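From first to last, the protein sequence lines are chains A, B, C and D. Counting along the first sequence from 1, when you hit position 103 you're at 103 in the working numbering, and nothing is skipped either side. Take any residue in the second sequence, note its place counting from 1, add 1000, and you have its number in the working numbering. Take any residue in the third sequence, note its place counting from 1, add 2000, and you have its number in the working numbering. Take any residue in the fourth sequence, note its place counting from 1, add 3000, and you have its number in the working numbering.
It is possible that part of the hints are untrue.
To be verified - Heads up, simulated DSS-like pairs for lysine-lysine below, C-alpha to C-alpha not over 30 Å straight-line: (1) D:K3034 x D:K3121; (2) A:K2 x C:K2132; (3) C:K2386 x A:K313; (4) C:K2386 x C:K2230; (5) C:K2191 x C:K2383; (6) C:K2284 x B:K1323; (7) B:K1002 x C:K2132; (8) C:K2091 x C:K2230; (9) B:K1326 x C:K2351; (10) A:K323 x C:K2383; (11) C:K2399 x B:K1313; (12) C:K2191 x A:K2; (13) A:K323 x C:K2230; (14) C:K2200 x A:K2; (15) A:K313 x C:K2351; (16) A:K2 x C:K2457; (17) C:K2132 x B:K1003; (18) C:K2386 x C:K2328; (19) D:K3223 x B:K1152; (20) C:K2500 x B:K1313; (21) C:K2399 x A:K313; (22) C:K2091 x B:K1323; (23) C:K2328 x C:K2457; (24) C:K2377 x C:K2328; (25) B:K1152 x D:K3171; (26) C:K2091 x C:K2200; (27) B:K1152 x D:K3230; (28) A:K323 x C:K2200.
Don't read these hints as lab results, they were simulated from the structure. As the structure is a computational prediction, the values presented were derived from the model and not from experiment.
Read off the chains here:
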Amino acid sequence: MKKVLGIFILLVVVMAFTASMQPQFMSAYNLQNVLKWTSLYGILGIGVAFVIITGGIDLSIGSVVGLSGAILPLMLTSYGWSIPAAIGLSLVISLAIGLLHGVLVTQLGLQSFVVTLCGLLVYRGVARWITGDATQGFGSEYDDLRWLATGKVALPGIEGFQFPVPFFILLAIALLAAFFLNLTIYGRYLLALGRNEQAARYSGIPTHWMILLAYVISALTAGLGGILFALEINSVQPSSQGNFYELYAIAAAVLGGCSLRGGEGSILGVILGTAILIVLKNAIIFLSIPSSLEFAIIGLVIILGVITDEIVKRWATYRRTVKQAKLLKS
Amino acid sequence: MKKVLGIFILLVVVMAFTASMQPQFMSAYNLQNVLKWTSLYGILGIGVAFVIITGGIDLSIGSVVGLSGAILPLMLTSYGWSIPAAIGLSLVISLAIGLLHGVLVTQLGLQSFVVTLCGLLVYRGVARWITGDATQGFGSEYDDLRWLATGKVALPGIEGFQFPVPFFILLAIALLAAFFLNLTIYGRYLLALGRNEQAARYSGIPTHWMILLAYVISALTAGLGGILFALEINSVQPSSQGNFYELYAIAAAVLGGCSLRGGEGSILGVILGTAILIVLKNAIIFLSIPSSLEFAIIGLVIILGVITDEIVKRWATYRRTVKQAKLLKS
Amino acid sequence: MEKTSSTIETSSEDSPLLEVRQVCKRYPGVLALDGVNLQLYHNELLAVIGENGAGKSTLMKILAGIQQPDEGDILLNNNSIELDSVQAAQKAGIALIHQELNLAGNLSIAANIFLGREFQTLGFMHLRSMEKEADKLLKRVGLNLSPRTLVDSLSVGQQQLVEIAKALAVNAHILIMDEPTSSLSQHETEKLFQVISELKASGVSIIYISHRLGEVYALADRVTVLRDGKSVGDLAKKEIDHDTMVRKMVGRDISQFYDRTPHPTGEVVLEARGIVTPSHPTQKLNLTLRSGEIVGLAGLVGAGRTELLRVLTGVDQPMSGSLSVHQKEVQFRHPRHSIDQGIMLVPEDRKDAGLVLAMNIRENLSLPGLRIHRIAKSLINWKVEKDTSTTMIDRLRIKTPAATQLAQFLSGGNQQKIVLGKWLALGPRILLLDEPTRGIDIGAKEEIYQLMDQLAKDGVAILFASSEMEEVIGMSDRVLVMHEGRLAGELPKEQLTEEKIMQLATGVKSSSST
Amino acid sequence: NSGSTSSIPSLAFVTNGDASFWVIAEKGVNAAGKEYNVQTQVIKPADGADQKQKVEDLLARGVDGIAISCIDPDNQTSLLNEAAATTNLITQDSDAPQSDRICYVGMDNYEAGRMCGELVKEAMPDGGTVMIFVGRIEQLNAKLRRQGVIDELLDRSMDRERYDPPGEPLKGEKYTILDTRTDQFDFGRAKSLAEEALSLYPDLGCMVGLFAYNPPKILEAVKEAKRLNKVKIVAFDEEDGTLQGIQDGHIHGTVVQNPYRYGVESIRILTGLARGDRSVLPEDDFLNIPARKITQENVESFWEELKKLTSDSPAT
Ligand SMILES: Nc1ncnc2c1ncn2[C@@H]1O[C@H](COP(=O)(O)OP(=O)(O)OP(=O)(O)O)[C@@H](O)[C@H]1O
Ligand SMILES: Nc1ncnc2c1ncn2[C@@H]1O[C@H](COP(=O)(O)OP(=O)(O)OP(=O)(O)O)[C@@H](O)[C@H]1O
Ligand SMILES: [Mg+2]
Ligand SMILES: [Mg+2]
């Protein structure tokens, strides 16, 4: 919780600063966009958080986003599939990818980094191959479908601000994930095996199934995210769509308090972490900072965040030790 | 050794197959190029291998390649520095980067993945910023300098085949690295702490210094590699130079028998691993396979390699147990 | 003896060789050392005893230069020294055998023995000479393996012997042994004692830590007792006896130690036929277990006890053979299955297999039970979890400020109690214990013995592997002895003597199983 | 420097990536910004998603005009219309005719491609084999240029819709286009692809590099393969390496656009629109800045002029 608070403060500071420099930043239209992009990236972050909690990593997210994002329009426009069929296919393929990762990691004991790194290469290649490197898009049709990503909904009682549809999708997924992680025994299982798999297994926890599940969740959310990104952008370059998204997702998860050593993670944190990244990109435009500096700034903020967090933690421990020492002495 | 043998066989098979389909593949000219690129990428692989042996990871390599590769021509052409000064600057900056990583990892106990991920973002940003995104190049001057990367040397006694200069640079680095890793106490320290840092520390090994050293080596080789790549390509686009090279380097190291869990690694293996990746790319062209499949094939080969290795290992253990059983039974 | 103590001729005999004055050490949450004092004289063997968490290991780590004290001084030959690094300590002639194994499994035995102190010129190692040297040391500690063997392929006990060889290699004149025998069995232990006497003969002074008071009685010239980070007593050779030591440590008397309440044993609950374990594929194992009986499992290190217990609970898969519980054929493909049958294992090493150290006591206690008490097939039952932890904490007298304390901050004894509590909460019918009292202090031991007795009375069948002869003889209704992976024989309570067990364990007079 | 709060219009120039091509355009933008006393910002998105995100950010910030190079015109209509609805939107370099953009500043990539083809014909009058190199084939400008080259060499009619997927060779009676290689903007790969083509086709006649960075890489490879006299090189855009190659007679010629003027004209038009002066609009909404062939005859003068335009040192 503390960590989540820290990052929340960081988020508020960045927003306040940008707003003070550029009132426009607070315009409903801009906040709506920030919210929309946060939702889209957030979905990926939540998925990867599950894998990170098991102590693994999923580098294939970006490629899965590209693949499922390319399959949907390809099936709809080039093969004339029905919408449910096309979406179904995208999700089924993502599911299969998740299963594959899980099986390789649990049954063959391969390292998730290696497995998903190969995934990154393979799925990208497949996406480029099946589309013949041709850009995919929905043209001007399927607007009702694209509503899922581009639509906005006005909530009664809230004037002048419309909530982007992806926000509700994120909300649903986040609630589900938080519920699963914190209230169900399976969430507890994940946290336990993330810290000590052997002990978890000795306690009768089906560790392999749980880990498999984590990879499936990650791949599925990536697939769903891919679909939404495709619908939102309405133009998918198979060779570049989703490049580096895994890094954004992982960075968001880490910023949000997930430990890559496993066993720790907060859904709320992940969402806030994503929000920071998006707001930063947004602020960079608003403060008309050269876009070539975008990466540098994002990287700096992440590392500074992590460093501060570490220092605060140590300082707290130190204080505690000293206090107790006094206490015990007296 | 066994692992190295396995990958060596794989390499031979791929080359034999391609040659049988396309005699041109064996032309001196092509082999020289393969050797050249293998050498350039191999330098990166050897560097990252040291970090991997300590149980860490270095994702910033690609960006360091981009940065040092951009600085050299920038200093030479735009600021008119002397060659030694410019090269010196590139290497000093790489060194500083390595030190920074090492300090953050050892002193603050941050995770190498996070630290170097931020590095990936920041150094890329810096490279784009200092060059104003402008492509950097040496023009038609500095040919003597570029000889380091593009030059070829005929060895007495070997007809019709000239060795690219980078090959000798790789050779020097590889021999140095292999010596260091296998014959000096420091190499042993790295292997020990990579598996069990506490045990190493309790044995009086300055683990922090050794880890720091590993990150410095990785960053330095990346910096050197960046210089050579720049000289070889003769033009550097700050925003893309070196993108994903870290993944190639890591993949090569893993193929070559490094374990990302730390404590294992072979220099020869890394070089063979790199060679496989390069030869594959080369073969894909020669067998006129659609280049969109390039990534997919590389990914597949890596994962299959890793899987086979794992299965062979298991099968061996199983056989051993059973044999032992029979042996003692009779 | 004094003549031989050449390493330290400088100072006179009645002033201490090594002295610790008012040393304090704080850790987050605990004051590990609170002004502890300790003297070590020339060529003596000083035993340091105390309950779990008394601060023994912490003090020794300070003497070995691994940790620095917050306050206090350390004097060598009456002049204060700064032990700010392992090298400094080794230069001062101090070597430490750690309580926990600290080896790099990916390296050879020789490499581990000389880790940090390699024979070298300009950084280049002399591999040959190191291997030769290592070979000598291995012979000394009675481990006949090639120095090139990978440490990964050794069992816990074998690794402990490597640790000892490693410490001997330092040629220290002060050698500290922190529970060196906790993973050794009788045989190796005797070998170790032999080494110790050789060392003393050559003038080495030794600090010896153990929870096995028998050993202390046999070895010690003097005993220093620690409690809560303070030295609370000093026993000269003649004062050393079991009860005094216990009183000093625990602050109370511990009367009847291995106290069994007689009760009838029930029907056969577990039967294993022709079980073959992966580590000993040549041996078929047969055994039966009756409700209400406590069966000891004795054997030398690497005899295959752990492997057997692992197979019986589905942690490992048997290569062949069959299991039946209550005359019902069963097959365990996962610990989950054996747990459902009421068969539960307290594993050999608590920290890796027993506990999730980074989780709190409550979460550890409830881990295997979550499944059983879940609501609507998936939800955690918070109430049950809370109740379980409270009941277990006071039933097992787990010493902790709160149920939400992280397991890693508890002493060995209390950690072991949590592992037991996990299973008790589920009401086991068959309990398998692997080295249940390893590294656990006398007080906690007593409580665990009482618990075992209580469970047996309530009809639980208990099979416990132990390398501590005393407790095997003290607690068992009958004892199964393993030798190189096979059951070398079975001894009923009335025939239980160290000699008989050792004969079977060492295979001197082997009688076939089945 | 921030904000459209003042009466000074703030204009944005959005590229389709971060190729060096855009650095020259940026110079033009800045120059025009000074000249017309407007505030300008050059935005270089990484890909389609990023372009959309950044355009939305600009709209949110409330800029007074955007000149954009569309990454995927067919599918970006809604985005472009959204932008056109809130501010003055013009396209440059890559057009989106069916959107509501006000006008297009640039050239016709297909025709430029055909010019490139003509250069190949000049270089290899008696025909031969041709290999094409480009960063990404799925980009519209790449597609059109490549098709232009192919159609010219196969003496086909003008048809912007035609598309021959890469893979198998295209045979004309004089010229054969062997294949098209893509490098995904990896410069190292761009060079090794050229090398591989050279070793794969010992009798390769001509190599065509369609993205700015391709020709220099090709030249490098050909030099090192010592086949300068055998293999002809035809280029696109105005990298220094390319112009040097032309001067030295190693590269037959190149087809150059005029990114600097893209920048200048875009800002000029947007400024006019922002100040309510529609006279700046070109007739039929297309300001053609035609591509030019550069060969050894005119390379000196062209290079001089280019250097003048881009003289000031990198933006550090
Ligand atoms: N690294 C550490 N961090 C925090 N607390 C620690 C650490 N090491 C030891 N402690 C605490 O210091 C106290 C003393 O620990 P120590 O290991 O010295 O006891 P001990 O006498 O060796 O116990 P045992 O007999 O179980 O080995 C214990 O309360 C322990 O929990
Ligand atoms: N990690 C391991 N790798 C390889 N072999 C092992 C390993 N652990 C144990 N063994 C081997 O399996 C056999 C049985 O080991 P096990 O630990 O079960 O014996 P044990 O009687 O339990 O001894 P201990 O007192 O150490 O528990 C021994 O021969 C040992 O060498
Ligand atoms: Mg201890
Ligand atoms: Mg055991």
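Hint by hint, here is what the structure shows:
no.: 1; hint: D:K3034 x D:K3121; in the structure: 43 Å, violated
no.: 2; hint: A:K2 x C:K2132; in the structure: 56 Å, violated
no.: 3; hint: C:K2386 x A:K313; in the structure: 28 Å, holds
no.: 4; hint: C:K2386 x C:K2230; in the structure: 35 Å, violated
no.: 5; hint: C:K2191 x C:K2383; in the structure: 52 Å, violated
no.: 6; hint: C:K2284 x B:K1323; in the structure: 16 Å, holds
no.: 7; hint: B:K1002 x C:K2132; in the structure: 26 Å, holds
no.: 8; hint: C:K2091 x C:K2230; in the structure: 28 Å, holds
no.: 9; hint: B:K1326 x C:K2351; in the structure: 36 Å, violated
no.: 10; hint: A:K323 x C:K2383; in the structure: 34 Å, violated
no.: 11; hint: C:K2399 x B:K1313; in the structure: 46 Å, violated
no.: 12; hint: C:K2191 x A:K2; in the structure: 54 Å, violated
no.: 13; hint: A:K323 x C:K2230; in the structure: 20 Å, holds
no.: 14; hint: C:K2200 x A:K2; in the structure: 55 Å, violated
no.: 15; hint: A:K313 x C:K2351; in the structure: 25 Å, holds
no.: 16; hint: A:K2 x C:K2457; in the structure: 49 Å, violated
no.: 17; hint: C:K2132 x B:K1003; in the structure: 29 Å, holds
no.: 18; hint: C:K2386 x C:K2328; in the structure: 35 Å, violated
no.: 19; hint: D:K3223 x B:K1152; in the structure: 13 Å, holds
no.: 20; hint: C:K2500 x B:K1313; in the structure: 42 Å, violated
no.: 21; hint: C:K2399 x A:K313; in the structure: 27 Å, holds
no.: 22; hint: C:K2091 x B:K1323; in the structure: 49 Å, violated
no.: 23; hint: C:K2328 x C:K2457; in the structure: 24 Å, holds
no.: 24; hint: C:K2377 x C:K2328; in the structure: 28 Å, holds
no.: 25; hint: B:K1152 x D:K3171; in the structure: 37 Å, violated
no.: 26; hint: C:K2091 x C:K2200; in the structure: 20 Å, holds
no.: 27; hint: B:K1152 x D:K3230; in the structure: 21 Å, holds
no.: 28; hint: A:K323 x C:K2200; in the structure: 44 Å, violated
Checked against the numbered hints given earlier, the structure breaks hints 1, 2, 4, 5, 9, 10, 11, 12, 14, 16, 18, 20, 22, 25 and 28 and satisfies all the rest.
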